[in-house]
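Visitor: Please build the complex by placing chain X on the supplied structure of chain R, with the hints as guidance.
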Amino acid sequence: MLEQLSDLYLTYQSTLGYIGINALLALSVYVSLSCGQLALGSAGFAALGAYAGALATMKADLPFPLALLLSALLPALVAVPLGLPVLRLKGVFLAIATIGFGEVVRLGLVNWEYVNGAQGIVAIPQKASIWMISLAVAVTLYVLSRVRGSKWGFALEAIREDEPAARTMGIPSTRYKLAMLVLGAALAGLAGGLEAHFTFMVAPNGFGFSRVVDMLVFAVVGGAQLFWGPVVGAGFLTVLPEVLREVAPLVGIEPGPLRMLVNGLVLLLVILYLPAGLVSLPRRLRERRAAP
Amino acid sequence: MGQQVINGLFLGSIYALFALGYTLVFGVLDILNLAHAAVFMVATFVAVALVGHGVHILLALPAAVLFAGLLGLVLERVAFRPLRARTDSNIAGLISSLAAATIIEAVVLEIWGPNITRFPFGTLPEGPTNQLRLLGGTVSRLQLTIIAVAGLLVLALTWLVQRTRLGREVRAVAESPRAARVLGVDVDRAIAAAFFISSALGGAGGVLYGLAFNSISPDMGRGVELKGLAVIILGGMGSMPGAVLAGFALGLTEVFVVANLGGSWRDVISFAGLFLFLVLRPRGLLGAAVTREA
Numbered sequence: 010m011l012e013q014l015s016d017l018y019l020t021y022q023s024t025l026g027y028i029g030i031n032a033l034l035a036l037s038v039y040v041s042l043s044c045g046q047l048a049l050g051s052a053g054f055a056a057l058g059a060y061a062g063a064l065a066t067m068k069a070d071l072p073f074p075l076a077l078l079l080s081a082l083l084p085a086l087v088a089v090p091l092g093l094p095v096l097r098l099k100g101v102f103l104a105i106a107t108i109g110f111g112e113v114v115r116l117g118l119v120n121w122e123y124v125n126g127a128q129g130i131v132a133i134p135q136k137a138s139i140w141m142i143s144l145a146v147a148v149t150l151y152v153l154s155r156v157r158g159s160k161w162g163f164a165l166e167a168i169r170e171d172e173p174a175a176r177t178m179g180i181p182s183t184r185y186k187l188a189m190l191v192l193g194a195a196l197a198g199l200a201g202g203l204e205a206h207f208t209f210m211v212a213p214n215g216f217g218f219s220r221v222v223d224m225l226v227f228a229v230v231g232g233a234q235l236f237w238g239p240v241v242g243a244g245f246l247t248v249l250p251e252v253l254r255e256v257a258p259l260v261g262i263e264p265g266p267l268r269m270l271v272n273g274l275v276l277l278l279v280i281l282y283l284p285a286g287l288v289s290l291p292r293r294l295r296e297r298r299a300a301p
Numbered sequence: 004m005g006q007q008v009i010n011g012l013f014l015g016s017i018y019a020l021f022a023l024g025y026t027l028v029f030g031v032l033d034i035l036n037l038a039h040a041a042v043f044m045v046a047t048f049v050a051v052a053l054v055g056h057g058v059h060i061l062l063a064l065p066a067a068v069l070f071a072g073l074l075g076l077v078l079e080r081v082a083f084r085p086l087r088a089r090t091d092s093n094i095a096g097l098i099s100s101l102a103a104a105t106i107i108e109a110v111v112l113e114i115w116g117p118n119i120t121r122f123p124f125g126t127l128p129e130g131p132t133n134q135l136r137l138l139g140g141t142v143s144r145l146q147l148t149i150i151a152v153a154g155l156l157v158l159a160l161t162w163l164v165q166r167t168r169l170g171r172e173v174r175a176v177a178e179s180p181r182a183a184r185v186l187g188v189d190v191d192r193a194i195a196a197a198f199f200i201s202s203a204l205g206g207a208g209g210v211l212y213g214l215a216f217n218s219i220s221p222d223m224g225r226g227v228e229l230k231g232l233a234v235i236i237l238g239g240m241g242s243m244p245g246a247v248l249a250g251f252a253l254g255l256t257e258v259f260v261v262a263n264l265g266g267s268w269r270d271v272i273s274f275a276g277l278f279l280f281l282v283l284r285p286r287g288l289l290g291a292a293v294t295r296e297a
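Those protein sequences? They're chains R and X, same order as listed.
So the first sequence is residues 10 to 301, counted in our numbering.
So the second sequence is residues 4 to 297, counted in our numbering.
If you are wondering where the hints come from, they were derived from the structure by calculation, not from laboratory data.
Keep in mind the model is a prediction, meaning the values are calculated, not measured.
To give an idea of the chain X side of the interface with chain R (calculated C-beta under 7 angstroms), a few residues:
(1) N93
(2) S99
(3) A102
(4) A109
(5) L112
(6) D270
(7) V271
(8) L277
(9) F278
(10) V282
Ideal Cβ placement from N, Cα and C applies to all residues, glycine included.
Bound conformation, chain R alone (with noise of 0.2 angstroms):
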């Protein structure tokens, strides 16, 4: 039994990984939208994060938890300049400048000779493991944990219902919607710098626009109101892949497609009837089965 589960372990430990990662990078999305904020550059911040772990181990020499520091704060440092002027768009506008600056991210590393450009950096030292990263998703979701139900909670909460009456009432809406942003982009850094040196090669193009769609999809399937929702949809929606290519034989759709069509299906079905996400699935047939 031991050894079966072992077995197990061993052949999933990659998805494991990577559900990790991707948690991470859907909790970079879902800080913002936790006080009503759609911003999308957690691409260009995860790409920041990458190269500066990867560089840091690499030309630098430094320990890697110093690396991922550097990963998780240099994208903050970026954030604070970028957040000033953009957070005072709104809605789908401030998505679009942040789309912008990740792609801005995204070219200006496909142009620099120096990081390989298109190529990317490739023989990272795998120096990322398993625990490393569940250690990076365990204390995140206990520090969002501990927010929800604090000052600093509800100070969210009324941003995102409505934000003129949140000022109103005295909370500084600007300073709370710039510090979730560095810390959204900070997390984005942090899943960048455990990526590269967990997958042993970055490269511009695997932080283009889809990557942060991507991004944004985990947090939405899963549920972006409660913390831990975008965790289970990166884990639904990472594990998913895998089972439909055990599928995809059976059904005669090639496993591609039918991933992008079941990924769609599900986003669909998801947005138009379950708004709060999967994890408010439990509640929904409760509540349907009280009340026939």
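Guide: Chain X only, in chain R's frame:
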């Protein structure tokens, strides 16, 4: 120099066509329809399939455009109408349009595969007069036709929006859906019409793009999608003349950047421009001076 102007105008006319439909819906509903690029792509595949079955391109083009328009109606019905009453409808709509785009791309990928598809040889009549000399550069008849078709569609849309009853209804809904409803406008119908026109224009842009570059793949919409966003913002939210102007400006700029700085800098311009405009001049080139409240 002349050659670059021609190439820039040509590229710009396709950007303009794409962005025009994009901004029509964006202006009316305040919803970013991220499935617009998927419609652009799928229309091209439909045209290729029709031509492959022996349909003449002059029939295949309108058929593909019609298909795109109908797909727009389906999108509106499935992905946008159910969300309209929600308070966060613009973010929810963005997400549901992403879902729709993923589904469309998956279907195309399953039917046609990931490889590059091309229009069969001889789709467009070839001849010795194919190349014309103009402004010190050469221009193909195809390029001229595309610029002309794009120009015609822009004029037709302007007429439709400014002069017809439907156009007035759409503009009324853009101003205030509630007031429009009070005044007897069928809001649902006006919005559906906007989606039909928007998607048809996107489809036309796609087919023309496919004919021009003849390299058609399920992910061809991705590059244009973000460029289209840049064009809308540069032109000014909801401003159709702005979108056309910005489309041409972006096309010309890109061509000159490629010629003078190299191809890898091309996309930096549009995104850096997008970003700077949003931060420094959020109303774009021709947009009205309104605050960007969601």
